[in-house]
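Student: Here's the letter readout for the chains.
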Amino acid sequence: MPYVTLIDAIKMAMDEELARDPRVFITGEDEGERGGVFRATQGLHAKFGSDRLVDSPLAELSIVAVGIGAALADLRPICEIQFADFIHPAFNQIVNEAAKMYYRSGGQWSVPLVIRAPYGGGIGGALYHSQSVEAFFAHVPGLKVVIPSTPYDAKGLLKSAVRDPNPVLFFEPKKGYRAIKGDVPEAEYTVPIGPARVARAGRDLSAFAYGMMAHYTSIAAEKVAREDGLDVEVIDLRTLLPVDKAAILASVRKTGKALVVHEDNFTLGYGAEVAAIIADEGFPYLDGPVKRLAGPDIPAMPYSHPMQEFFMPNPDKIADAMRELAGY
Amino acid sequence: MLTRTLARPSAGLSPEILLDMFWTMLLSRRLDERAWVLHRQGKIAFHISGMGHEAAQVGSAFAINRGVDFVHPYYRDLALMLALGLTPQDFMFSLFGKAGVLNGLGRQMPSHFGDHSRNIISGSSPVATQVPQAAGLAFAIVYKQKLGLIDPADTTQPRLALTSLGEGSTSQGEWHEGLNWAGVHKLPFICLVENNLYAISVPMDEQMAVSNVADRAAAYGLVGVVVDGNDVLAVYDVMKEATDRAYNGGGPTLVEAKTYRPVPHSSDDDDRSYRSREEVEAWKKKDPILRFQKFLMDETILTQAALDAYEARAKAAVDQAQAAAESAPDPAPEDALGAVYAPSSD
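Protein chains in written order, with the numbering used here: chain A, 952 to 1279; chain B, 117 to 462.
This is chain A alone, in the form it adopts within the complex (with noise of 0.2 Å):
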């Protein structure tokens, strides 16, 4: 079985359904010949021609809004946005078209559309590179939000987005893109969009969280239970919209602690949601707060190393807020 990385899994999920499906495309900046900047289409142009792999203008509205209106016309577009950061100017045709297109029409039109991005820092990236723009869209109905942590994943989820008939905004950790490395079959498979995954069984905590800190948190939870004894259930949601409320209260139900972990900016971010529901429908299985480890509450991640590691939550600072909270 190969054993590839984030990125490649992600390019192998676009690689079959463009063979499969002639009704997909790519559209992005770069994505002809260049291959992408992060090499996600690399060698697709090749194979598949300037038909299905469109190099864009650069212009994030126009390539979400055409995305729309080819999928309105039952297109299956794959429109990848640079950098999570630039999705910005796509947000009105993101939020006020893609999302509420179904509901307007009364169900006769939809928008099978795919907008895939980087997101996410560490890399360096500073300021306009390195952000987290989930919370933006997992607030809005219509939408689906995918954040895979894993190449298994990262594949199935990707092909699933591409099939589902509504938006799907799917995240990529870039700071992942080249160390997450995992077996990926290369025989078809999906993972659906919407249940979380139980990276790790666990009795006395429950982590939940996605992308780059779902890879962290796990690698914590190890770390937790060789130097101080603690079983960590490490959840990583990959869905974040729909949300697996499910899958939050069963965990907190079994440890009765919650931690969640993203590198978003802590107010109002994802974990805010997952905060609440627990504390509405998990009341009475808690054990302690639920807490929240995330990215200060400063407007961008600072270019200079400490300052960037500074913002950034890993592995160590992820174990310490677990001691922290199994402690209370």
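Simulated from the structure, these hints should not be mistaken for lab results. Note that beta-carbon positions come from the ideal geometry of N, C-alpha and C, so glycine has one too. Incorrect hints may appear among the rest.
[As the list claims (entries may be wrong)] No more than 27 Å apart at the CA atoms, straight line, and that leaves these computed lysine-lysine pairs for DSSO-like:
| hint | chain 1 | residue 1 | chain 2 | residue 2 |
| --- | --- | --- | --- | --- |
| 1 | A | Lys998 | B | Lys302 |
| 2 | A | Lys998 | B | Lys262 |
| 3 | A | Lys1268 | A | Lys1174 |
| 4 | A | Lys1268 | A | Lys1242 |
| 5 | B | Lys302 | B | Lys262 |
| 6 | B | Lys400 | B | Lys431 |
| 7 | A | Lys1110 | A | Lys998 |
| 8 | A | Lys1110 | B | Lys262 |
| 9 | A | Lys1242 | A | Lys1196 |
[As the list claims (entries may be wrong)] Covered stretches of chain B (in silico footprint by chain A; criterion: 3 or more residues with CB under 8 Å from a CB of chain A, positions within the stretch not fixed):
| hint | segment |
| --- | --- |
| 10 | 252-263 |
| 11 | 290-299 |
[What the hints assert, rightly or not] Far from chain A, by Cβ distances over 10 Å, these chain B residues were calculated:
| hint | residue |
| --- | --- |
| 12 | Arg223 |
| 13 | Ser287 |
| 14 | Ile316 |
| 15 | Ser327 |
| 16 | Val396 |
| 17 | Leu406 |
| 18 | Ala422 |
| 19 | Ala425 |
| 20 | Glu450 |
| 21 | Val456 |
Using the hints provided, position chain B relative to the given structure of chain A.
Tutor: Same frame as chain A, but now just chain B:
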């Protein structure tokens, strides 16, 4: 930048089609007038009018493959919608917020049209969002043709995307980006700008530095055409050229129809605060329906008796539509909850 062809396409239109155009314009006007009355009576909450725009819209509609070609309109396009087959009853349902096909089961504000069966995309309120989406629709047409998924000669398939908006909305970045895509990819895309000289209260010279929106077409690689938007046959001629250009791989066109809005922007606007009654009255004399009526009577295609019959028929249609909408049940409150996500097929 007026275009003239030696043989005007409209010269080939039969009297039946000309009368159908007239009827559509007249019906739109009478329906529109009734909506204003209903609002002043307190029976409906909101109306945004297409009065004055009937020639620009009907002339355009009759040039395309109605009900098949993609249309991504805006909120003033009542006459365009009627020409495409939506009914007075559909419109009345949307005014009264009843669950109709046209208004997304009561979710949409009035005049936010959409009909999948006629390839009319359901619209929104943020202006110009439809323009780059229309480029995407046109892109999909070319894509499917190139991949052999559809036959370019198949007239049961959409072969172009027509989108419309007011001149004010062309200030949005969406408009720029949509035209850019259309020009770069030489798409079967027509952008109809219904220039009525005002964006609510903002006059054209505060909206743009050029005198014609169509002057900007060349910047995007589009053919740009200015037309008298109150001359339904002149609009038809220009649109017919644009549609033939689109069908035959000649690329996109920007059609600017010069017209006027003799009523306020919407039922929430009062135009007395920003323009004179003299100006409005002067434009009312150039009314597109009266103008076409005079033409048809001069050509003895329309008689007074036939006109009277049309008026009676319009009144009956509007009355019936209003009665049907008023007596239709309101949507159930919980109907707000459905159809958020399209179901997967597996």
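Student: Taking the hints in turn, state whether each one holds.
Tutor: Here is how each hint holds up against the structure:
1. A/Lys998 x B/Lys302: Within the cut-off at roughly 24 Å; holds.
2. A/Lys998 x B/Lys262: Judged against 27 Å, a Cα distance of about 17 Å means the pair holds.
3. A/Lys1268 x A/Lys1174: Between A/Lys1268 and A/Lys1174 the Cα gap is close to 11 Å, so the pair holds against 27 Å.
4. A/Lys1268 x A/Lys1242: Answer holds: A/Lys1268 to A/Lys1242 is near 13 Å, not above 27 Å.
5. B/Lys302 x B/Lys262: The given pair, whose Cα atoms are some 13 Å apart, holds under the 27 Å limit.
6. B/Lys400 x B/Lys431: Roughly 22 Å between the alpha carbons, so the hint for B/Lys400 and B/Lys431 holds.
7. A/Lys1110 x A/Lys998: Status holds; Cα separation ~19 Å.
8. A/Lys1110 x B/Lys262: holds, 24 Å
9. A/Lys1242 x A/Lys1196: The given pair, whose Cα atoms are some 17 Å apart, holds under the 27 Å limit.
10. 252-263: holds (count 10)
11. 290-299: holds (count 5)
12. Arg223: violated, 6 Å
13. Ser287: With a cut-off of 10 Å, B/Ser287 remains clear of chain A, as the shortest Cβ separation is near 14 Å.
14. Ile316: holds, 20 Å
15. Ser327: Non-interface label stands for B/Ser327: nearest chain A Cβ at 27 Å, farther than 10 Å.
16. Val396: Non-interface label on B/Val396 holds, nearest chain A Cβ at 33 Å vs cutoff 10 Å.
17. Leu406: Holds, since 36 Å exceeds 10 Å.
18. Ala422: At about 37 Å from chain A, B/Ala422 clears the 10 Å cut-off, so the statement holds.
19. Ala425: With a cut-off of 10 Å, B/Ala425 remains clear of chain A, as the shortest Cβ separation is near 35 Å.
20. Glu450: The claim stands: B/Glu450 keeps its Cβ more than 10 Å from every Cβ of chain A (closest is about 14 Å).
21. Val456: The claim is violated: B/Val456 sits with its nearest Cβ about 5 Å from chain A, within 10 Å.
The structure does not agree with the numbered hints 12, 21 stated previously, though it agrees with the rest.
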